[in-house]
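With chain A held as given, fit chain B onto it using these hints.
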Amino acid sequence: GAVVSQHPSWVICKSGTSVKIECRSLDFQATTMFWYRQFPKQSLMLMATSNEGSKATYEQGVEKDKFLINHASLTLSTLTVTSAHPEDSSFYICSARDQQDRGETQYFGPGTRLLVL
Amino acid sequence: AQSVTQLDSHVSVSEGTPVLLRCNYSSSYSPSLFWYVQHPNKGLQLLLKYTSAATLVKGINGFEAEFKKSETSFHLTKPSAHMSDAAEYFCVVSVAGGYQKVTFGTGTKLQVIP
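Protein chains in written order, with this note's numbering: chain A, 1 to 117; chain B, 1 to 114.
The shape of chain A in the complex, shown without the other chains:
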């Protein structure tokens, strides 16, 4: 149980294009999903918290217009990197919190590696 998927797992795009990453909770409902960014050999940096049916809460320093987050259903959140540039290249990981879990456990997706040329 508690499986989270991400799609795509790898994406290579040209500078200036937009990329959409999907995060799905496969066997549970997630009212809250989180988006992280991880640079090589570093820890995860929380970008934003996504709540179903409402606007995402962004961490300080994360551009809302650059990283668009939509959480339209209890099992799906999307992160769109708009007008991507090489400095956006990174490993993006989502996590989801089980609506029934009062212990606040986050279940992580396998990650999406983005390379912007």
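Please keep in mind that the hints were generated in silico from the structure rather than gathered at the bench. Mixed in with the good hints there might be a few duds.
[To be verified] Which stretches of chain B does chain A cover? Using the computed rule of at least three CB atoms under 8 angstroms from a CB of chain A, they are:
1. 38-48
2. 105-114
[What the hints assert, rightly or not] Residues of chain B clear of chain A, computed beta-carbon distances all greater than 10 angstroms:
3. 22
4. 51
5. 63
[Stated by the list, open to error] Pair ranges (Cβ atoms, derived):
6. A:115 / B:64: 37 to 43 angstroms
7. A:86 / B:29: 39 to 45 angstroms
8. B:77 / A:22: 33 to 39 angstroms
Think of the CB as a built atom: it goes at the ideal place given N, C-alpha and C, for glycine as much as any other residue.
What follows is chain B alone, placed relative to chain A:
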């Protein structure tokens, strides 16, 4: 405010010997604490969690951790390391209350020597 300190960025052990990965935390509220493992180019897998129940928590793959409030520690241990344990380990503190605040440690890379 809350923070997590993983005291070792890199730990090297021989296969079959004990593993100790250290984590200290600070939190203004009663926290939940987690250990996650990340293998190269993979997402994070939950090893174990502490959520104000038993202070000694047993997780998957033979790992366990003990919550010590007096020492503000949550060290991860395993009696006997296996080659497959080589990975990056993250200690995480989480505080609920309207807006869940999650803080990651900087990670400890575990190397297992055959």
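Each hint, compared with the structure:
no., hint, verdict
1, 38-48, "holds (count 6)"
2, 105-114, "holds (count 3)"
3, 22, "15 angstroms, holds"
4, 51, "4 angstroms, violated"
5, 63, "16 angstroms, holds"
6, A:115 / B:64: 37 to 43 angstroms, "38 angstroms, holds"
7, A:86 / B:29: 39 to 45 angstroms, "40 angstroms, holds"
8, B:77 / A:22: 33 to 39 angstroms, "37 angstroms, holds"
Going through the hint list in order, the structure does not satisfy hint 4, though it satisfies all others.
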